[in-house]
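Could you build the full structure based on these sequences and the hints that come with them?
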Amino acid sequence: MTTMNMAQALNSAMDTMLARDPNVVIFGEDVGYFGGVFRCTADLQQKHGVDRVFDTPVAEGGILAMAVGMGVYGLRPVAEIQFADYIYPAIDQLVSEAARLRYRSGGEFSAPLTVRAPSGGGIFGGQTHSQSPEALFTHVCGLKTVIPSNPYDAKGLLISAIEDDDPVVFFEPKRLYNGPFDGHHERPVQPWAKYPASEVPEGYYSVPLGKAAIVRRGSDVTVVAYGTMVHVAVAAAEMTGIDAEVIDLRTLVPLDIDTIVASVKKTGRCVIVHEATRTSGFGAELSALIQENCFYHLESKIERVTGWDTPYPLAFEWDYFPGPDRVAKALRRTMEP
Amino acid sequence: MNPENREPLLQPALKLHIPEPSARPGSAPDFTHLSFAAAGAVRRPQVSETARQMQDLAFDLIRVLDDTGKAVGPWRPDISAERLKHGLRAMLLTRAFDERLLVSQRQGKTSFYMQCTGEEAVAVAQAAALDSTDMLFPTYRQQGLLIARGWSLVDMMCQVFSNSHDRMKGRQLPVFYSSKDANFFSISGNLGTQFSQAVGWAMASAYKRDHRIASAWIGDGATAEGDFHYALTSAAVYRAPIILNVVNNQWAISSYQGIAGGDEATFAARGIGYGIPALRVDGNDFLAVYAVTRWAAERARTNLGPTLVELVTYRAAPHSTSDDPSKYRPSNESASWPLGDPVERLKKHLIHENAWSEEAHVALDQEVKEEVRVAAKEAESYGTLGKGPKPDRSTIFEDVFKEMPWHLRQQRDELESEQ
Chain A
192 MTTMNMAQAL NSAMDTMLAR DPNVVIFGED VGYFGGVFRC TADLQQKHGV DRVFDTPVAE
252 GGILAMAVGM GVYGLRPVAE IQFADYIYPA IDQLVSEAAR LRYRSGGEFS APLTVRAPSG
312 GGIFGGQTHS QSPEALFTHV CGLKTVIPSN PYDAKGLLIS AIEDDDPVVF FEPKRLYNGP
372 FDGHHERPVQ PWAKYPASEV PEGYYSVPLG KAAIVRRGSD VTVVAYGTMV HVAVAAAEMT
432 GIDAEVIDLR TLVPLDIDTI VASVKKTGRC VIVHEATRTS GFGAELSALI QENCFYHLES
492 KIERVTGWDT PYPLAFEWDY FPGPDRVAKA LRRTMEP
Chain B
34 MNPENREPLL QPALKLHIPE PSARPGSAPD FTHLSFAAAG AVRRPQVSET ARQMQDLAFD
94 LIRVLDDTGK AVGPWRPDIS AERLKHGLRA MLLTRAFDER LLVSQRQGKT SFYMQCTGEE
154 AVAVAQAAAL DSTDMLFPTY RQQGLLIARG WSLVDMMCQV FSNSHDRMKG RQLPVFYSSK
214 DANFFSISGN LGTQFSQAVG WAMASAYKRD HRIASAWIGD GATAEGDFHY ALTSAAVYRA
274 PIILNVVNNQ WAISSYQGIA GGDEATFAAR GIGYGIPALR VDGNDFLAVY AVTRWAAERA
334 RTNLGPTLVE LVTYRAAPHS TSDDPSKYRP SNESASWPLG DPVERLKKHL IHENAWSEEA
394 HVALDQEVKE EVRVAAKEAE SYGTLGKGPK PDRSTIFEDV FKEMPWHLRQ QRDELESEQ
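Top to bottom, those sequences are chains A and B. 489 is the number that the numbering used here gives to position 298 of the first sequence; each next residue is one higher, with no gaps. 299 is the number that the numbering used here gives to position 266 of the second sequence; each next residue is one higher, with no gaps.
Honestly, the hints are just simulated from the structure, not real lab data. Every residue, glycine too, gets a C-beta built ideally from N, C-alpha and C.
Residues from chain B shown here face chain A by an in silico Cβ test under 7 Å; the list is partial:
1) Arg200
2) Ser219
3) Asn223
4) Ala237
5) Gly259
6) Tyr263
7) Val270
8) Phe434
Negatives, chain A to chain B, calculated, CB over 10 Å:
9) Ser397
10) Ser410
11) Asp411
12) Asp434
13) Trp499
14) Arg523
Written out as structure tokens, the structure reads:
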């Protein structure tokens, strides 16, 4: 075991897979010699060679087209999109191509690629460096969508994503790279080293896709969250004294419905939390599924705490961010008789 | 500023330019804008020449066959009469295949069909010039690649009929073939996406120190897509072993090549700005297409990188069975196309070489039509879109993912519970 922050854990996942599988190649804007703007690919080119970890032109559509072609050849490409906000020029290659290739070719061709992209706010990135576009991808049949919340999971999930034979979109909450963030932005930043999830094995291990984790056991209300919001949800539970059970989804598609349903049936209450905008957000899908599966167990309406339906406004970061106060209010509302 | 208060201007007002083709329905076809030198007149550079050194090739038109059917000039390829006859057969077979399936569409056996009439030399000569292990990333108008590679006509027809033997299980638009065994990539309806993907495949082949190269096709219309730019940029940056082919058949449904940018420069000339050597070739001249493809393949195989090839041809048929060209181009435009018909030109050449005859040609045409007839009968026995049988409907949930997740199993059960 070594103590790693989330960027180091992701780096270790890629390092492990480069050593393990000669078909793994890693590329993206600034990922080669420089090691990525968030340092996630630091030293990998020096260690594994320029033809395995390399820079690309600033062309997200071209990057993912390359990844599809490499996947068709038989490689396992890992492409970095520098910010999730930049992924839109590549939507056609992801949605119409990578996600549909196995289906349209009757299983002959597939694109086993992994797309890594830092997402979410909390770093004053403004509207083009803060978005959480995961719901766009969960809506696409044929794509898997993964969002880790801590270093241990990040490494294990990224290894699973690289080994997966289907295309995986892997969003990395950039505010979590250096330390957990519970939304208390006025408090000093806590490094990962103080938390058990920063204890990461140096070698190979995996965390399966499609399995949620219960990060806080409780009996009053179920909180369903992922990414940064897992830490916010735990902080809100501590603030209120409400005995919340907090579920970290880890994978949005395929979704671990069983863990959610079992918890909500036990607590009878549910709060869904995500940083992304509300309308047609993944919370809407979760709410519908919980209603379909747990209708007779619900003792209050399902609450959603999300980012507002606006672009991410730079100078109003903390008015936008669904922090622990907002989650705490929802927890109290759902507990009202 | 209020227009009334503005100073009178000396310059004329701005004017928006909307390009228009040289002829529309009701007027005489006009191809005077398409100027080209005589067969044999264009030089053949060394494969090591740079894009800058060989800029002239992006504006000239490489032609080998002259009007008498004689092969002339430095691009005259070293290819046997037997192989040319094989190519002629594949072109005739492709044409017969198209004719038969066009009728099948009218009979309701499929919903849709796309012919490549007049463009057969593009796919067939290029397939002949490549190795069978090279990977092809085609558009929907290169069915000749599969046919030239000897792929089963029955298998192709089953795809068009969406029947019980369709390997794509009734999911894909007719003619959107896929054949991993023939190294023929799955065709997409989102135009241009294969062009940039092919570069990734070629990079992978180089990364693995393989010997296989990639060849990709795109239409003149789709060169305006971002994927064309992505492909040329990444092919140049990583010196990918690939041939990037632009099939300029003059028309993108109803938009003539000027709307795609073809009035201001040739499509081949796009390559120069990326540093990619570019060739412009008479796409209806089987020998010229073969020679140019061999030249580009040699560059790719010797780590010299990509070549952009513009194949100048004419889409003699409608875009698809859903299209009516009489609404937007002169009805006799095809007959006026100055580069002729690829089948007729190769036939003339073989007769000129005393390797072929009118009688042999008629016999071959009968032979391929019979081959298509027999294949169609067999394919129809496995079903047609109109009458079935189709693959089992529960298969629509397969291949979305490698392993079917719970939500798709649930939806499959829901469909199966319906009567």
